[in-house]
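Chemist: Chains as they are written, first to last, in the working numbering: chain L, 221 to 450; chain W, -9 to 87.
Some hints could be false.
[Stated by the list, open to error] Computed list of lysine to aspartate or glutamate pairs in EDC-like fashion (alpha-carbon distance at most 16 Å, straight line):
1) L:K249 - L:D367
2) W:K54 - L:E250
3) W:K2 - L:E322
Just so you know, these hints were derived from the structure itself, not from any lab.
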Amino acid sequence: MSNVAAVGQAEHHHNPNLAHHFESMEAQKEASLLGMWLFLVTEILFFGGALTAYMVYRQWYPDAFAHASAEIAILPGAINTAVLIFSSLTMALAVHAAQTGERGKVMFFIVITMILGAAFLGIKGYEYHEKYLEGHIPGFGLEFRFDEEYIRPAQIFFSIYFVLTGLHALHMIIGLGIMTWMLIWTKKGVISPDYYAPIEIAGLYWHFVDIVWIFLFPLLYLIGRHVHHV
Amino acid sequence: MSEHTEHHIVPKSLYYLIFLALMVGTALTWWVATIDLGMMNNVIMLAIAVTKATLVVLFFMHVKYSSRLIWLAVGGSVFFLLILIVLTLNDYLARGW
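The following block holds chain L by itself, in its conformation from the complex:
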């Protein structure tokens, strides 16, 4: 009998979420944070490669890029920037609530983050539809309408625009999937002040996607603003 009691006691010392190969919850959290950051390093270089392509073509065709950028309506892009920044705030507050063990608040802020993420994708869809109506989609056998002087490099600009914003939107969709997962885990009671690393790591991913947009918004929407005034 005493053996059973001793085993029971030993189990109480360990958090059920502590994997056997880690010495402590702190060591486990540190390892998972580092793992997520190493993944984000590859993501930074992945988007970095696409941004480098943008830079090379832009310095080859600066005027065409400015004119093509001026064809993109700023307001939806600016609203989307605000939506994403707001979602980053609610994500940070979700992690904060997880740290303090307020389960209801964690779920509330994750849901708000997801709604904002979905709103972003909705506005992005509206923008893509506008581009379709204006004839600014290169390829797919669609008619590409643009000033004859810049038509070829403008197609390059819009190819880069769709690749960058498309990859970003794909990351948003994956982010919504991760948030759904986190919502279920929080509801099930897996998340606690001793084990909130999953929420924190999901947050790192979400903030990273926000950072990508922080660069995409000026580089794609704002480089041709003064063109119409000249």
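With the hints as your guide, set chain W onto chain L.
Modeler: For chain W alone, kept in the frame of chain L given last:
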């Protein structure tokens, strides 16, 4: 356990402040873009974007309160990103054709 927990809980007020700074930065970058400053437009635009990204990384992503190993991973990614961009542009910008 609680006596040696290393996780630092960032006060909510700081999150609100960072949010405000990011919104102001967004408005500022839009406003500056409407003024023709030549090459300076790019410099200011990127300076604002880098500042906003740094705020997100340091506070929302908690890197300011993280271990040196995390700092190394973040710093390393910036370093290799700069190699990628600078060495590529070093070639393309220096070509005579």
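Chemist: Is it true that the CA of L:K249 sits at most 16 Å from the CA of L:D367?
Modeler: Since the Cα atoms of L:K249 and L:D367 sit roughly 55 Å apart, the hinted pair is violated (cutoff 16 Å).
Chemist: Below or equal to 16 Å on CA atoms is what counts here, so check W:K2 against L:E322.
Modeler: holds (14 Å)
Chemist: Just to be careful, I want the Cα atoms of W:K54 and L:E250 compared with a cutoff of 16 Å; is the pair within it?
Modeler: The hint holds at about 14 Å.
Of the numbered hints listed earlier, the single one contradicted by the structure is hint 1.
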